[in-house]
Amino acid sequence: MGLRSYIIMRILLTIPTLLLLLSMVFVIMRILPGDPVALHFEKKADPETMEAMRRVLGLDKPLWEQYINYLWGLVDVGYFLEHGYPSLGKSMQTFEEVGGQIFSAFPATLELAIYSMVIASVMGILLGVISSKSYNSLLDHLIRGSGIVTYAVPVFFLGIIFQLIFGVYLGWLPTGQRIDPNISPPATITGLYTIDSLLEGNLSKFFESLKALILPSLTLGIILSGIFVRLTRTNMLETLRLDFVTAAKARGLKESTVTYGYALRNAFLPILTMMGLQFAMLLSGAILTETTFSWPGLGRYMYQRISFRDYTAIQGAVVMFGLFVTLVSLVVDILYAYFDPRIRL
Amino acid sequence: MSKAENKRRILGPLIPGLTSLAKKGPSGWMVIIGTIIVLALVIMTTIGPWTTPHDPIKYHGPIRTPPSPQFPMGTNHLGQDMLSRILCGGSIMLQVSALSVIVCFLVGVPLGLFSSYVGGIFDRIVSLVIDAIYAFPGLVIAIAVAAMLGTGVVNMALSIAVVYIPSYFRIVRSQVLTIKELTYIEAARATGARWHTILFRYIFPNVIPSIAVVASINFADAVLTAAGLTFIGLGVTVDVPDWGLDLTSGRALIASGAWWVIAFPGLMIILLALGFTLVGDGLSELLNPKLQR
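Residue numbers (our numbering), protein chains in the order written: chain A, 23 to 367; chain B, 173 to 465.
In case anyone wonders, no lab produced these hints; they're calculated from the structure. Do not take every clue at face value.
[Said to hold, decoys possible] Facing chain A, a subset of chain B residues (Cβ under 8 Å, in silico):
1) G310
2) I315
3) L349
4) I351
5) L354
6) A399
7) A424
[Stated by the list, open to error] Keeping only pairs whose Cα atoms sit at most 20 Å apart, straight-line, the calculated SDA-like set for lysine to any residue is:
8) B:K196 <-> A:Y157
9) A:K66 <-> B:D295
10) B:K195 <-> A:T261
11) B:K196 <-> A:Y89
12) A:K233 <-> A:I183
13) A:K112 <-> A:V267
14) A:K155 <-> A:M139
15) A:K112 <-> A:M139
16) A:K233 <-> A:G283
17) A:K155 <-> A:V267
18) A:K112 <-> A:I136
19) A:K112 <-> A:Y89
20) A:K66 <-> B:A427
21) A:K233 <-> B:A427
22) A:K155 <-> A:V280
23) A:K83 <-> A:F102
24) B:K196 <-> A:K112
25) B:K230 <-> B:M245
26) A:K112 <-> A:I50
27) A:K66 <-> B:K230
28) B:K196 <-> A:T261
[As the list claims (entries may be wrong)] Some chain B residues near chain A, calculated using beta-carbon distances under 7 Å:
29) P239
30) P241
31) L311
32) G324
33) V326
34) F403
35) W431
All of these numbers come straight from a predicted model, not from anything done at the bench. For glycine and all other residues, C-beta sits at the position ideal for the given N, C-alpha and C.
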């Protein structure tokens with residue numbers, strides 16, 4: 023199978039997965055509790071108010087019609103082109119379109135996710151390589167041990183400790199927000215502050231937004247790096263034993279060339295798959311990290327909506343997280359097929 | 173074969189006794205240390221209410237006092253004694269994680285056994301649904317379910333269970349797929365054994381070791397997810413001593429620099445999760461040295 027037909031098939035296979043995922047969210051958010059409106063008011067409102075809200079939100083319609091509307095809102099291209107975001111219903115708190123709120127919060131999550139993933143993979147791969155090169159030494163045990171410990175650390179605890187040390191005691195780094203509130207954020211092009219400020223040619227804004235990113239992305243990155251250390255180490259240990267590595271060494275190639283140019287390159291594919299799988303875990307961590315650092319992304323949006331019992335908004339955020347994860351796993355699978363043609367067989 | 177002997181044969185690789193565990197090298201020691209940590213914390217929490225120097229809920233005077241002889245772990249923003257809150261603060265977390273592991277086990281294992289034994293369209297559909305849950309960010313599902321169910325120990329446990337049922341299902345299913353093709357199962361079928369006898373008497377014992385690994389990792393994850401749910405505001409909300417709740421309220425005190433209201437509950441959560449992780453990792457390496465999570 024050629025790469026192109028593999029990609030088409032993989033995209034087609036995504037459709038049933040998405041449909042299942044969306045239905046699951048619908049079941050959890052609309053059918054399980056019975057009535058989100060009654061929950062929202064904690065049964066303290068009079069029936070007329072609740073009825074009025076149901077009518078405004080379209081929750082008075084029969085369930086099957088709500089389900090169709092819910093799915094249609096996500097594929098309605100006309101609506102998307104007109105507003106710039108899909109129709110995800112109205113918020114129970116502000117009666118604004120949830121889609122708009124979510125799309126404006128999303129870039130913050132994306133930026134945090136990208137930087138954290140870079141930190142996690144670079145740190146994890148480097149430590150993993152060092153660990154495998156010094157197999158069974160004290161250093162190896164220390165690195166492995168720290169990997170196990172980081173798995174047990176709640177991400178928000180690490181965040182709070184960082185805030186305490188680098189923000190409160192030392193005063194080096196900001197402990198919240200994407201940019202100093204006294205500085206106006208860069209004009210929105212991609213929504214990623216570090217990129218937008220560069221496109222604007224404003225270096226001071228770039229450094230300000232980078233400074234704000236350090237603590238949150240380091241927090242999330244460190245927590246996630248453990249799994250990369252473990253995976254890199256096992257894969258490198260296997261690869262370093264292979265004949266072609268010995269042959270490369272025998273030819274007198276430099277140690278670092280053999281390690282990074284030969285062995286790591288071969289151990290890289292499973293690590294790439296792991297990056298895709300870890301993305302879901304990264305997003306779970308992002309919710310807590312955003313809440314800790316007042317980072318105005320999707321996770322913090324969800325956190326704030328929970329306290330208002332704004333179920334339509336929570337549902338929108340859950341759907342968005344689901345779409346994001348599905349998209350990432352699609353991209354990772356295609357990349358994998360590109361690097362390893364055997365997958366396409 | 174006597175019943176005790178049978179039990180030993182099945183659980184042999186799982187609980188080979190402390191001495192032989194220690195002989196198995198680092199992985200054995202991981203299991204031992206992890207078990208000791210968990211047991212110590214369980215005992216500490218259970219006898220907590222009788223050992224606290226102060227009433228953990230009462231306000232004892234000065235707020236945010238740093239650790240001192242009178243209050244060895246300081247006091248929080250309400251003037252409650254942190255040491256007393258630490259001593260009995262594991263109770264909710266332990267209840268939630270134990271309950272969620274039980275629910276996961278009761279749903280995930282039979283579903284996995286049945287689904288892969290029956291096979292066919294039923295297995296296809298169940299696997300599809302389970303995989304969809306598995307691919308989703310765990311905390312997002314837990315939050316969605318917890319937001320709908322409301323707060324409280326049972327609801328928290330249920331929302332965490334939804335996230336981890338797939339791990340049990342998947343491990344059981346993959347193992348049964350190979351086991352059910354073995355000759356002794358064919359022999360059992362030939363002698364006219366009924367399907368539930370085959371499933372629960374002949375197949376189930378062989379998957380127990382893998383379930384033990386999943387369950388201990390599940391315990392660690394449940395502790396962390398429970399802490400996360402509490403942090404988001406979906407855990408316990410009333411003022412009971414709870415490490416997660418203390419850490420959450422400690423977050424508001426960062427600017428004051430009161431490290432003790434944050435550090436102690438946080439370290440307790442890490443210790444508990446670490447205990448379970450050590451048991452899980454150690455067991456997994458003992459049972460399958462090549463398989464490393």
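Here is how each hint holds up against the structure:
1. Given the 8 Å rule on beta carbons, the hint for G310 of chain B holds: about 5 Å separates it from the nearest Cβ of chain A.
2. Taken as an interface hint, I315 of chain B checks out: its beta carbon lies about 7 Å from the nearest beta carbon of chain A, inside 8 Å.
3. At about 21 Å, the closest approach between the beta carbon of L349 of chain B and any beta carbon in chain A exceeds 8 Å, and the interface hint on this residue is violated.
4. About 26 Å separates the beta-carbon of I351 of chain B from the nearest beta-carbon of chain A, more than 8 Å, and the hint is not met.
5. Taken as an interface hint, L354 of chain B does not check out: its beta carbon lies about 29 Å from the nearest beta carbon of chain A, beyond 8 Å.
6. Proximity of A399 of chain B to chain A holds as hinted, the smallest CB-CB distance being about 5 Å (cut-off 8 Å).
7. Among the interface hints, the one on A424 of chain B is violated; its C-beta lies about 10 Å from the nearest C-beta in chain A, farther than the 8 Å criterion.
8. For the suggested pair K196 of chain B and Y157 of chain A, the alpha carbons sit about 19 Å apart, so the restraint of at most 20 Å is met.
9. Under the criterion of a C-alpha separation no larger than 20 Å, the hint pairing K66 of chain A with D295 of chain B is inconsistent with the structure, at around 44 Å.
10. With a C-alpha separation of about 29 Å, the suggested pairing of K195 of chain B with T261 of chain A is violated against the 20 Å cut-off.
11. Under the criterion of a C-alpha separation no larger than 20 Å, the hint pairing K196 of chain B with Y89 of chain A is inconsistent with the structure, at around 56 Å.
12. A distance of roughly 17 Å separates the Cα atoms of K233 of chain A and I183 of chain A; the hinted pair therefore holds under the 20 Å criterion.
13. This hinted pair does not check out: K112 of chain A and V267 of chain A have alpha carbons roughly 59 Å apart, beyond 20 Å.
14. Only pairs whose Cα atoms come within 20 Å are accepted, and K155 of chain A paired with M139 of chain A is rejected, the gap being roughly 24 Å.
15. Proximity of K112 of chain A to M139 of chain A is assessed by CA-CA distance (about 33 Å); at most 20 Å being required, the pair is judged violated.
16. The hinted pair formed by K233 of chain A and G283 of chain A fails the criterion: a straight-line CA distance of about 33 Å is larger than 20 Å.
17. Taking the CA atoms of K155 of chain A and V267 of chain A, the gap is near 13 Å; set against the 20 Å cutoff, the hint holds.
18. Proximity of K112 of chain A to I136 of chain A is assessed by CA-CA distance (about 29 Å); at most 20 Å being required, the pair is judged violated.
19. For a cut-off of 20 Å, the pair hint linking K112 of chain A to Y89 of chain A stands: about 15 Å separates their Cα positions.
20. Taking the CA atoms of K66 of chain A and A427 of chain B, the gap is about 37 Å. The hint is violated against a cut of 20 Å.
21. Among the hinted pairs, K233 of chain A with A427 of chain B is consistent with the structure: their alpha-carbon atoms are about 19 Å apart, no more than 20 Å.
22. Distance hint between K155 of chain A and V280 of chain A is fulfilled; the C-alpha atoms sit about 12 Å from each other, no more than 20 Å.
23. Distance hint between K83 of chain A and F102 of chain A is unfulfilled; the C-alpha atoms sit about 23 Å from each other, more than 20 Å.
24. Note on K196 of chain B and K112 of chain A: the hinted pairing is violated, with a Cα-Cα distance of about 59 Å set against a maximum of 20 Å.
25. Taking the CA atoms of K230 of chain B and M245 of chain B, the gap is about 16 Å. The hint holds against a cut of 20 Å.
26. Under the criterion of a C-alpha separation no larger than 20 Å, the hint pairing K112 of chain A with I50 of chain A is consistent with the structure, at around 18 Å.
27. Restraint check for K66 of chain A and K230 of chain B: not satisfied, since their Cα atoms lie roughly 32 Å apart, outside the 20 Å limit.
28. Distance hint between K196 of chain B and T261 of chain A is unfulfilled; the C-alpha atoms sit about 26 Å from each other, more than 20 Å.
29. This hint is violated: P239 of chain B has a C-beta 16 Å from the nearest C-beta of chain A, more than the 7 Å allowed.
30. Because the closest C-beta pair between P241 of chain B and chain A is about 24 Å apart, greater than 7 Å, the hint is violated.
31. Here the hint on L311 of chain B is kept, as its CB sits about 4 Å from the closest CB of chain A, short of 7 Å.
32. Taking 7 Å as the C-beta contact cut-off toward chain A, the hint placing G324 of chain B at the interface is violated, the least distance being around 14 Å.
33. A distance limit of 7 Å between C-beta atoms decides the matter here; for V326 of chain B the minimum to chain A is near 15 Å, and the interface restraint is violated.
34. A distance limit of 7 Å between C-beta atoms decides the matter here; for F403 of chain B the minimum to chain A is near 5 Å, and the interface restraint holds.
35. Taken as an interface hint, W431 of chain B checks out: its beta carbon lies about 6 Å from the nearest beta carbon of chain A, inside 7 Å.
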